[in-house]
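*Asks:* Numbering (numbering that gives the first Met the number 0), first residue to last: 0 to 197.
Derived from the structure by calculation, the hints contain no laboratory data.
Hints should not be assumed to be uniformly reliable.
Listed next, the in silico DSSO-like pairs over lysine-lysine satisfying Cα-Cα at most 27 Å (straight line) [said to hold, decoys possible]:
#1 159 <-> 171
#2 159 <-> 41
#3 42 <-> 8
#4 8 <-> 41
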Amino acid sequence: MMVLRQCVKLHGRLPQIVVVDGGREFRSIYFDTLLARYECTKKTRPPAKARFGSVCERLFDTTNTQFVYNLEGNTQITRNVRQVTKSVNPKFKATWPLGNLYDRLCEYAYRVYNEIQHTTLGMSPRDAFVAGMACTGRRPHRLIPYGQDFLMWTFPTTPKGNARVQPGRGFKIHHLYYWSDALRDPHVEDSQVDVRYD
Numbered sequence: 000m001m002v003l004r005q006c007v008k009l010h011g012r013l014p015q016i017v018v019v020d021g022g023r024e025f026r027s028i029y030f031d032t033l034l035a036r037y038e039c040t041k042k043t044r045p046p047a048k049a050r051f052g053s054v055c056e057r058l059f060d061t062t063n064t065q066f067v068y069n070l071e072g073n074t075q076i077t078r079n080v081r082q083v084t085k086s087v088n089p090k091f092k093a094t095w096p097l098g099n100l101y102d103r104l105c106e107y108a109y110r111v112y113n114e115i116q117h118t119t120l121g122m123s124p125r126d127a128f129v130a131g132m133a134c135t136g137r138r139p140h141r142l143i144p145y146g147q148d149f150l151m152w153t154f155p156t157t158p159k160g161n162a163r164v165q166p167g168r169g170f171k172i173h174h175l176y177y178w179s180d181a182l183r184d185p186h187v188e189d190s191q192v193d194v195r196y197d
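Take the sequences, apply the hints, and build the full model.
*Replies:* So this is what it looks like as structure tokens:
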């Protein structure tokens, strides 16, 4: 869902066809509903057919070799155990909180990789995207505003679709309590309400 949010945030649109593997998260009713709402087609690649994911796997490999392996605290040195000393041991150099890693990965993807000339394309991925948009048109009818309505479609819900509001505590999803001042209403307390969470 976060990838789809990022597509809409950056480009104002979703792809017409989304190719997914057989993971549980891609078989959920929420994912299918979101794709149906925005008229996207979901194609599931066959299991144990690696060639169907070769483009994604190549992108993962490029990201690893150009970005992850160059971060402080990466574990590449542990392949040759004799080179590992206390001063270079990655266990003591793991300094990347998830938020910082996400920011740096976005910077790599959108400012570095996107601007480097691709050997197969003969141009940068950004230039290829711009050329594709110029060739096929902007299609303003496919634009999706990145707002509360779109975000609500990307939020999951509980298996039943609702939760019981516990007085003074809110409602509980996956061992976490969620609260809002709107839950103080006596008509809402101790009743089942439709929920979506982020």
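*Asks:* Please go over all the hints and tell whether each is borne out by the structure.
*Replies:* Tested hints:
| no. | hint | in the structure |
| --- | --- | --- |
| 1 | 159 <-> 171 | holds (13 Å) |
| 2 | 159 <-> 41 | holds (24 Å) |
| 3 | 42 <-> 8 | holds (23 Å) |
| 4 | 8 <-> 41 | holds (20 Å) |
Of the numbered hints listed earlier, not one is contradicted by the structure.
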